[in-house]
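Undergrad: Chains as they are written, first to last, in the numbering used here: chain B, 1 to 430; chain U, 1001 to 1297; chain D, 2001 to 2284.
Read the hints as simulated data drawn from the structure, not as lab findings. Just so you know, not all the hints are guaranteed correct.
With a Cα cut of at most 27 Å, we get these calculated DSS-like pairs of lysine-lysine [unchecked claim]:
| no. | chain 1 | residue 1 | chain 2 | residue 2 |
| --- | --- | --- | --- | --- |
| 1 | B | K244 | B | K232 |
| 2 | U | K1165 | B | K315 |
| 3 | B | K300 | U | K1130 |
| 4 | B | K322 | U | K1130 |
| 5 | B | K174 | D | K2272 |
| 6 | B | K207 | B | K300 |
| 7 | B | K232 | D | K2272 |
A quick note: this is a predicted structure, and the numbers were derived from the prediction, not measured.
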Amino acid sequence: MKHLPNPMRSFAKPQRGKLIAIVSASSAIAVVLAGCSSSKKSGAAASTSAAASTSAATGSTPAAPSVAASSAATGGGASLPASIAVTAIQDLTGAVGAVGIATQNGMNLAVKEINASGMLGSTQLSINYKDTATTSAQAVSLMSAAAASDSVAIFGPVSSQESVAMAPIAQTSKVPTIFTQSGADGVITAGNFNFRVTAPQAFFQPKLISYLSAHNIKSVDLLYDTDVPTTKGLAEQTLPPLFKAANITLKNSYGIQTTTTDISAYVSKIAGENPDAVGISDTNPGVSPAIIALRNAGYKGLIFGGSSFGVASLKAAGAQAKGVVWTTDFDPQSTFPQTVKFVADYKAAYSGAAPNNYAAEGFDAAYLLAYGLKDTTGALSRTTLQAGLTTATMAGFSGALGQLTFQGNDLREAGYVETYDGAGNVSPAT
Amino acid sequence: MLQAIADSLSLGSVYVLFALGLSLSWSVLNLLNLAYGAQFMLGAYFAYLVGTHWHHSLLLVLPVVVVIVAATSVLADNLVFRHLRRQAGTPVESELSMLVASIGLAAVAVTLVQHATAGESEFVPQTVFKVRTLHFGGLFRMTNMQLIMLIVTVVLTVVLAVVVKWSRFGRAMRGVAVDPATCELLGVNSNRLFSTTIAISGAMAGLAGVLLAIHLSTVDANMGDPLLTKAFAIIIIGGVGSIAGAAVGGYLLAFAETFTVVYGPANYKDAIAFIIILIVLLVRPTGLFARKRWERS
Amino acid sequence: MTHYFHENLGLIQQTLVYMILAISLQVVLRCGVVSLASIGFYTLGSYTAAILLKHGWPAALIIPVVVLAAGLVGYAFGRPLARLRGLYLAMATLAFDLVIPILLINGGNFTGGALGLYAIPVSVDTWALVGIVIVAVYAVSQLERGWMGRASLALRSDENLARSMGVRVTRERYLAFAISAALGGLAGSLSAMLFHAVSPSSGGFGLVTLGLTMAIIGGRDSWIGAVVGAYIVTWVPEWLRSIGPYRNAVFGVVLVLVILFFPDGLLGSVRKIAPMFRRKAASA
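So that you can see chain B by itself, here it is in the shape it has in the complex (with noise of 0.2 Å):
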């Protein structure tokens, strides 16, 4: 027999519900002493930095801390501690997850090759990583616990709205944060504290451009999606001036978003009007959905892309994806030095796996803050950090995606245009 609640009975002794909200309050107020009184900080500091922390830290805006120099003798102009880590919050589970578990795989190897080079002396490098899930509000909060840690920087995660949201926060408590792919504008503006090495889309498309007037493209459809800042801009504001100026006539711009499940009708559409080529500005799950639903619509032209495409997201797609070209920030194939070394290194470290470019910028965000750490004078600080993160990107350096140079703290790439040959393989469009 079912027990009804009895409405008045939890109201007959007031007196109990406060004896409850006592005990609950009081140990709330236990387990936050409790926590205060272990050591328990996110993102492990070095340990020769702990001790100067905590002394230094103060009042409601929390101090840079310095670091204590050791007696370390290291490469470079600065005397760097035995040990420094750092954290990385990078989206490793969520929408974007496979975007940021290919940049931690590139980032690790870099990390290996700092330490057993002896690029900084005989000072070992260490990243934590915290995973954001692909919230903003959780990247939010990793952000200003990282910032409040002794982590002497940061690197940031993929998604260009956590990005925004956290570029603010590096800036006003002065933590060099190093970003990888997030394209939206607000990154590098928040201030100088912000670096990206992920040229802006923008950057790669005249190269592209350049391939479709010499191969006779007259007209153009586009399908984006309207709810990825990156693609949203590139099809909306970058790329149809670029066409104009090349006498491509746009014809029309679909965007869709990364919620759509079935674009019949866009298709449709598209293969009606039969342009010339057709751009598609898709997230990963997308891209070959889209070019086999083309396809089978009868849709014979050529089609491009951008960073999206790649063989993980044209292999579905098979032989459907045969002739597509796409631009990117890397050329696995390129015959640049370290270029050729990052892909044998990465393939004999992760069982045969090609890398991707997100694998790449992950790899060069770490040899920047080495090179950084590097061209760091006088004791280690994240403001001496920032002035030898400055000084390395004017310099630039050479890459896994090639010879870079920077614009401030923003990548500046040309890019390459790669095509596919639906058997599995990519290689630069001619």
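Go by the hints and put chains U and D onto chain B.
TA: Chains U and D in isolation, oriented as in the chain B frame:
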């Protein structure tokens, strides 16, 4: 124009095929199973796994996967839902606890698959089923899978509607949802009935998962979510308690969306879905075909 | 002490904001009104505050404006939706919650489109936040006492019986809607003032499940349950962080276990157990 109609039918079949199992569970069992999207995704995922490792055709893969997903439903019911129903004080509490529990279960399934696929999207290999385009006299085209989905959807809708409305099993199902105690007196084992119905719902999730994975050429840990929200729209528009209503609602929504894309401001396609729901709920809250009027007012 | 505070500042602030969101849901669930609309008002409130902040309005003015506006709109919504019961209401309010991000994505430069609005100045300091949370929680706790409190519980158990006891059912429902909306708007505006950015993805289905979890885990019967729920939901993933990628799965399992074994929420179960100890003490 004809192509737009063909695309609407295709899109509608995607929606309705997905929504049928959910509609069954909601109308008949009062269970708003938010794990349904995850079960659908499991169907797609197992289709990918079985297809990639054992290279069999659809005829073999489909029943295997359907049984697997139906089993997950029965498991969830035995371990969780049954006990929640017993504990609840009022029907609303029972529904709410099952709803919340289903959220937890969904999180488990999605996380495990996400980990297993390392966040990448996969696809069902062509050895399971080869998608081909069929041309109908130059007037319009559909792929063979789209045609299959359309036929399966229509057949299933009819069968389900008939069974729920007219068969003894269907009457028992509906009775259990309204008044389990009386049904027990009449000799109906309500727990077993619930299990059976939820197994059917799970089987349909699995079926939808396999077919849609092939049609959409993608298998992804989060693929259930957008369809789940669409399914809400369809069931509300069509009216709870009516399987046929859900089907009509689904095709109606698909037509609205497709024609918006083809002839109107394409960016507002999704907003249209939800605005339709709100309008239906406010103006005709019983939905277009609902039978259980008393529950709404 | 301060070191711990600063390291976890983001989390502490998040918990406080979520406490308000949790009680916004709890306030309606307690009456048996299964409205999830406060999440939509959270999103709307956060965007309104963000836009006003960018136009230079002071926080002290924005908060009451948003709360009042949300309350009025909530009351207006309460009228047509009052006819719906149980899960139908849940569905309608869920639809409301889900359509808002879509409208925001398509709002052009005004709403910042898919990216949302960022570089929002931090306009509330943590102590002010604590103060606001205390005020909100106190206000809700007062609603749970006395005649009004009993009326809302009666409403949940059996509406017709409540009506026969003299409870003005429809008016109670409108009020519950309005209060829930106002609290949701409050939580949202605070989040804009603390977390630098608002985006369409911060609302929607994810936040609905989060809010629901918070309200249910602690216990629907009182505000204490919601507060406890908010604390648990924000901090347990933090403790579980070492489990890495399986975090959400573990969380899901915990949710199911709580619902199974603590149907009145953790607090409700504590309340059930407490008299057993009293009785033992009395008979000893």
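Undergrad: Determine for every hint whether it applies to the structure shown.
TA: Here's how the hints hold up against the structure:
1. B:K244 with B:K232: Measuring from Cα to Cα gives roughly 18 Å; hence the hint holds.
2. U:K1165 with B:K315: violated, 46 Å
3. B:K300 with U:K1130: holds, 19 Å
4. B:K322 with U:K1130: holds, 18 Å
5. B:K174 with D:K2272: Violated - the C-alpha atoms of K2272 (chain D) and K174 (chain B) are around 51 Å apart, more than 27 Å.
6. B:K207 with B:K300: holds, 23 Å
7. B:K232 with D:K2272: violated, 54 Å
Consistency with the previously given hints fails for numbers 2, 5 and 7, ordered from lowest to highest.
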